[in-house]
Amino acid sequence: MIDISESVMQFLLAFLVVGPLLGAAAALLPAPPGLKGKSPEQAVLRHGVTVTGAVLAAAIVLALGFDHSRPATMQATTDISWIPALDVRIHLGTDGISLPLLVLTALLTFLSALYSYFKPPAGPSPKAFVALLLVLESGTLATFAVLDLVLFFLAFETVLIPMYFLIARWGSEGRAEAALKFILYTLLGSVVMLLGLLLIGIKAGTFDMVALATDNGRSLTASVQVIAVLAIGIGLAVKTPMWPLHSWLPDAHTAAPTVGSVLLAGVLLKMGTYGFVRILLPAAPDGFRTFAPYLAAFAVVGIVYGSLACLALAGRGANGDLKRLIAYSSVGHMGFVLLGIATMTPTGVNGALFANIAHGLVTGLLFFLVGALKDRTGSTDLDTLARQSPGHHPATSGSAAPEHPETGAALYGRAPRLGGLFAFAAVASLGLPGLAGFWGEMLALFGAFEPAAGLSRPAFLTFMAIGAFGTLLTAAYLLIVVRRVCMGAAPQDAPRLTDVRAYEFAAWTPLVVLTVVAGLWPKALLGLTDPAVQQLLTGGTR
Amino acid sequence: MSSLVQSVDWLAIAPPTIAAVVGLAVLVADLFVDERRKPLLGWLAVAGLAAATLMLLPLLDADRSTFCLVGDTSVCSYTADRFTLVIQFLVLGGALLTALLSVTTLKDDRARLPEGEYWFLFLASAAGAALLPASRDLATLVVALEVASLPAFALVGLRHGDRRSSEAALKFFLSSVTATAVSLLGIGFVYAATGTLHLTRVAERIQTVDGQLHTLAQTGVVLTLVGFAFKTAAVPFHFWVPDTYVGAPLPIAAYLSVIGKAVGFSGLILVTVVALPSYADVWGPALAVLAALTMTVGNVGALRQQASRAHSAVRLLAWSSVGQAGYLLVPIAAAAYSGDPERSIGSTLAYALMYAAVNLGAFAVAALVGRAHRLNRVADYRGLYASSPLTALLLGFFLLCLAGLPPGIIGLFAKVTVFAAAVDAGLGWLAVVMAVNVVIALVYYLRWTALLFRAPAGEPVRHRLPAPLTAALALTGVIGIVLSGAPQLVLRFTDTGLF
Numbered sequence: 001m002i003d004i005s006e007s008v009m010q011f012l013l014a015f016l017v018v019g020p021l022l023g024a025a026a027a028l029l030p031a032p033p034g035l036k037g038k039s040p041e042q043a044v045l046r047h048g049v050t051v052t053g054a055v056l057a058a059a060i061v062l063a064l065g066f067d068h069s070r071p072a073t074m075q076a077t078t079d080i081s082w083i084p085a086l087d088v089r090i091h092l093g094t095d096g097i098s099l100p101l102l103v104l105t106a107l108l109t110f111l112s113a114l115y116s117y118f119k120p121p122a123g124p125s126p127k128a129f130v131a132l133l134l135v136l137e138s139g140t141l142a143t144f145a146v147l148d149l150v151l152f153f154l155a156f157e158t159v160l161i162p163m164y165f166l167i168a169r170w171g172s173e174g175r176a177e178a179a180l181k182f183i184l185y186t187l188l189g190s191v192v193m194l195l196g197l198l199l200i201g202i203k204a205g206t207f208d209m210v211a212l213a214t215d216n217g218r219s220l221t222a223s224v225q226v227i228a229v230l231a232i233g234i235g236l237a238v239k240t241p242m243w244p245l246h247s248w249l250p251d252a253h254t255a256a257p258t259v260g261s262v263l264l265a266g267v268l269l270k271m272g273t274y275g276f277v278r279i280l281l282p283a284a285p286d287g288f289r290t291f292a293p294y295l296a297a298f299a300v301v302g303i304v305y306g307s308l309a310c311l312a313l314a315g316r317g318a319n320g321d322l323k324r325l326i327a328y329s330s331v332g333h334m335g336f337v338l339l340g341i342a343t344m345t346p347t348g349v350n351g352a353l354f355a356n357i358a359h360g361l362v363t364g365l366l367f368f369l370v371g372a373l374k375d376r377t378g379s380t381d382l383d384t385l386a387r388q389s390p391g392h393h394p395a396t397s398g399s400a401a402p403e404h405p406e407t408g409a410a411l412y413g414r415a416p417r418l419g420g421l422f423a424f425a426a427v428a429s430l431g432l433p434g435l436a437g438f439w440g441e442m443l444a445l446f447g448a449f450e451p452a453a454g455l456s457r458p459a460f461l462t463f464m465a466i467g468a469f470g471t472l473l474t475a476a477y478l479l480i481v482v483r484r485v486c487m488g489a490a491p492q493d494a495p496r497l498t499d500v501r502a503y504e505f506a507a508w509t510p511l512v513v514l515t516v517v518a519g520l521w522p523k524a525l526l527g528l529t530d531p532a533v534q535q536l537l538t539g540g541t542r
Numbered sequence: 001m002s003s004l005v006q007s008v009d010w011l012a013i014a015p016p017t018i019a020a021v022v023g024l025a026v027l028v029a030d031l032f033v034d035e036r037r038k039p040l041l042g043w044l045a046v047a048g049l050a051a052a053t054l055m056l057l058p059l060l061d062a063d064r065s066t067f068c069l070v071g072d073t074s075v076c077s078y079t080a081d082r083f084t085l086v087i088q089f090l091v092l093g094g095a096l097l098t099a100l101l102s103v104t105t106l107k108d109d110r111a112r113l114p115e116g117e118y119w120f121l122f123l124a125s126a127a128g129a130a131l132l133p134a135s136r137d138l139a140t141l142v143v144a145l146e147v148a149s150l151p152a153f154a155l156v157g158l159r160h161g162d163r164r165s166s167e168a169a170l171k172f173f174l175s176s177v178t179a180t181a182v183s184l185l186g187i188g189f190v191y192a193a194t195g196t197l198h199l200t201r202v203a204e205r206i207q208t209v210d211g212q213l214h215t216l217a218q219t220g221v222v223l224t225l226v227g228f229a230f231k232t233a234a235v236p237f238h239f240w241v242p243d244t245y246v247g248a249p250l251p252i253a254a255y256l257s258v259i260g261k262a263v264g265f266s267g268l269i270l271v272t273v274v275a276l277p278s279y280a281d282v283w284g285p286a287l288a289v290l291a292a293l294t295m296t297v298g299n300v301g302a303l304r305q306q307a308s309r310a311h312s313a314v315r316l317l318a319w320s321s322v323g324q325a326g327y328l329l330v331p332i333a334a335a336a337y338s339g340d341p342e343r344s345i346g347s348t349l350a351y352a353l354m355y356a357a358v359n360l361g362a363f364a365v366a367a368l369v370g371r372a373h374r375l376n377r378v379a380d381y382r383g384l385y386a387s388s389p390l391t392a393l394l395l396g397f398f399l400l401c402l403a404g405l406p407p408g409i410i411g412l413f414a415k416v417t418v419f420a421a422a423v424d425a426g427l428g429w430l431a432v433v434m435a436v437n438v439v440i441a442l443v444y445y446l447r448w449t450a451l452l453f454r455a456p457a458g459e460p461v462r463h464r465l466p467a468p469l470t471a472a473l474a475l476t477g478v479i480g481i482v483l484s485g486a487p488q489l490v491l492r493f494t495d496t497g498l499f
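If you read the protein sequences in the order shown, they are chains A and B.
Counted from 1, the first sequence has number 229 at position 229 by UniProt numbering; the numbering is strictly sequential.
Counted from 1, the second sequence has number 107 at position 107 by UniProt numbering; the numbering is strictly sequential.
Simulated from the structure, these hints should not be mistaken for laboratory data.
Small disclaimer: the values here were computed from a predicted structure and weren't measured.
Ideal Cβ positions, reconstructed from N, Cα and C, are used throughout, including at glycine.
Treat each hint with caution, since some may be false.
A few chain B positions that, by computed beta-carbon distances, are all more than 10 Å from chain A [claimed, not checked]:
1) 35
2) 109
3) 139
4) 296
5) 446
6) 467
7) 492
Simulated restraints, written as ranges between beta carbons of each label pair [unchecked claim]:
8) 202/A with 57/B: 28 to 38 Å
9) 202/A with 188/B: 54 to 64 Å
10) 462/B with 36/A: 24 to 34 Å
11) 474/B with 375/A: 18 to 28 Å
12) 11/B with 32/A: 25 to 35 Å
13) 465/B with 375/A: 13 to 23 Å
14) 51/B with 18/A: 36 to 46 Å
15) 18/A with 57/B: 29 to 39 Å
16) 465/B with 513/A: 25 to 35 Å
17) 109/B with 375/A: 49 to 59 Å
18) 244/A with 62/B: 52 to 62 Å
Please construct the entire structure, taking both the sequences and the accompanying hints into account.
What follows is the structure, given as structure tokens:
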């Protein structure tokens, strides 16, 4: 949109990756004089906001300078030799597929840092917290920015240790086991993925993603492709997560601190689906075609399974934890993303990428809201929440009081703005037309209606029908949650909850606005992804 | 007329020779130095090792050989090629670092550790270890192996009045001597079948062995390999490791875990890749199975260590070193299958260099903590960050390097090269076994790392940092961090000719 010289663009992209790392190192050092702030804690949290803010600014400038007339072309590319012995190059670049994810990551991390500044995480010193947050940001941004298989693996692994410590040190009860489970599952997946990446790299003679995409799998035999797709697919599927490899996710989300959940759902899960689109689809299309029906089948099972799990958790007396519920809903949403990718059609893959971004925005917002709810009420347990409005319901006209009816947490009455936002996020999550959640899921289902040549159409039609049924289930549990959390009679004597504070508004408004914008003007995003996807499916990026 | 007197290239043999000569000098000087001045011996040894390491520099430009056959000068007993130099650097540099650790240990434990003998034995062993990678005939190889290991037995049992120490030494000695006897028998068979001891000639002649001697040659090959497998502490020859490490003075445990292993696997490489390439179909699968077993047993053993048990930190490092030995064996096994064995061997070298630096670093921290906590339990490391943040960060970095996860980038890339060697050779099953092992290993490395940053259980104990320990920590830390930024420094060995 605006004309920025190529070298500045290169610098911006490199800064996205390196900037947070430098910031993390600086966070561990004592604050320089003049920046000491009120206390060391406050100073380091402010440092986090500054660095993530700078990174976000760089990401926005990068997006503005991105040549939107050729989103299929790699832009802002840097290509330096790093380890000649392994043929590893520092190859960075961004196109229409990775650009939205870069901006989303920078945005969510900045909002998380901002939120933490006003609401410091409960736990040990925030110094390490900020440093870990920044390393995490660097790792995720690097995952979306690198164009070399080995570097991709390095970036993929970089996020593990920070996320482990964020959960294990600032989480709630059960955090140690949850954190260990998270890191072991993902590591097992990613080591297997490494084997697949090495196989592709060694057989094709290059680790460069652009070269591999241009080659479009022509230099790989069918059996190599099948093995590589299986190995890489397992690694990415654990991260995504795909049913039945998802079982680390609910525990990790339940135990993680608010900011950890936001980033885990909003950004980390996308690394898996991004890998499917960026590596597997273009580099090993034949192998992918072999597994596409299975992937789609697992995806729709995930959709239904996630929704049913949520329905079970949402019911009365199920002791359902809200964070766990949203985690399961993520399994369902990521199922749509995987279904879209498995169709191997431009429509489906575009839908998947759209749903990726939408899920990041909406689920990020939901986790923020649940975190805020927990701060105010001290619980994320649905039953406890719903029972909280003190039970002295005014007996109506002398009739016998009903059996202690549970009316709901009455958030509308007790904190109207918070309740409104919660309902908004839930409705966006269930895919109401006009909001971000709608387009991705619709396009993914639409892609399944007519899958790519060579894929069985009847099978995909079945998957589409099951997926569509899943949207109904999704709507059902989200509406139940809204009823139990937001509605209900607010008793006169119940203490009012603090409504949305100014900093919370600041942290959440961008997500709300983008959800609406993406829902009303999907072309802004699809215009970016579509040309890149078209090219990826037919023979690589340039 | 050709002279029967061999000309000796003194520059080529300088590194092991200097170590040996300084060792003798220390032994003699011990007689004349009075009790208060004994620490000088330690510094003399450190200086000797530093000089020996520096003497590697003039050898870098070209391959040199000496002690060649008078008739055929292409067949030599001592060769300083790239492979030799890398291992010698690893051995002498590693010995230098352990010598720095030893200075502090000897100072703390002067009553029970005789300094003169300690340094003599230490340098003698280091000289043998440095000689081994350069030896190109089976006799020199065995002599070097014994020069490296016999003083090590004595070092393990050197502590006066420590029953566990002498018991460990005996265990180590008996099992090691058995293995040596076995490999000597094997070498005897190979000699009987081929009529030569020079590795390159063995490689040629063993392919055309008389049909009657075929069984003899095969038995010889297997027995020779068994002996060298013991030195790398490969399963099932690993059982002596944990007790020996706990019983030995801590720097000696560090020495065994790095230099002892380097001796074993460089001998193994020479015997397999240089002397017996035609038997690749025998030793390839055998080493692959051995690698899989070794890493699994080592990692499971480490996983089962309880944090509160006495000496659990050293025990854990001992088991983890068994597991790491398994990773080191993977590329050697892959060399049997790959078209370019030197590339695979290069992966072992790169991995070994990474492992040497970070494992010695971890031992340096263990030595530091062991000064305040005699029992050196893993539980004693809780809250180390609160009392000495930099040490804790370094230990965390070393452990994550061993685990192979960022921020330990060099550990990650070393693992990547090992995986690449396995995938390249078509050893998919071994790569998968290794992948599972990497995950198992992460559990105990990460548990330990997480413990460092927890709130201390009681009053944090201040750890005073003596200068030699600081130097060792700083060196290993700098090496680890520099390599993480520029992995090419060690990984280039996978890309160049070695022999």
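Confirm or reject: residue 467/B is not an interface residue toward chain A, with every Cβ-Cβ distance exceeding 10 Å. The claim holds: residue 467/B sits with its nearest Cβ about 25 Å from chain A, beyond 10 Å.
Are all C-beta atoms of chain A more than 10 Å from that of residue 492/B? violated (5 Å)
Taking 49 to 59 Å as the stated bounds, is the beta-carbon spacing between residue 109/B and residue 375/A within them? With Cβ atoms ~55 Å apart, the hint holds.
The output says residue 446/B does not contact chain A. Does that hold with a beta carbon cutoff of 10 Å? violated (7 Å)
Take a look at whether the Cβ-Cβ distance between residue 462/B and residue 36/A falls inside 24 to 34 Å. Given about 27 Å between the Cβ atoms, the range holds.
Taking the closest pair, is the beta carbon of residue 296/B still more than 10 Å from chain A? About 15 Å separates residue 296/B from the closest Cβ of chain A, which puts it past 10 Å; holds.
C-beta pair residue 202/A, residue 188/B: status relative to the range 54 to 64 Å that was hinted: violated (41 Å)
Could you tell me whether the CB distance from residue 244/A to residue 62/B stays inside 52 to 62 Å? holds (59 Å)
Measuring Cβ to Cβ, find out whether residue 139/B lies farther than 10 Å from everything in chain A. holds (35 Å)
Against chain A, does residue 35/B hold up as non-interface, every C-beta pair farther apart than 10 Å? At roughly 46 Å from the nearest Cβ of chain A, residue 35/B sits farther out than 10 Å, so the non-interface label holds.
Has the hinted range 36 to 46 Å been met by the Cβ atoms of residue 51/B and residue 18/A? Check passed, 41 Å falls within 36 to 46 Å.
Cβ-Cβ distance between residue 465/B and residue 513/A: within 25 to 35 Å? For residue 513/A against residue 465/B, whose Cβ atoms are near 54 Å apart, the range 25 to 35 Å is violated.
When the structure is compared with the earlier hints, violations turn up for hints 5, 7, 9, 11, 12, 13 and 16 and for no others.
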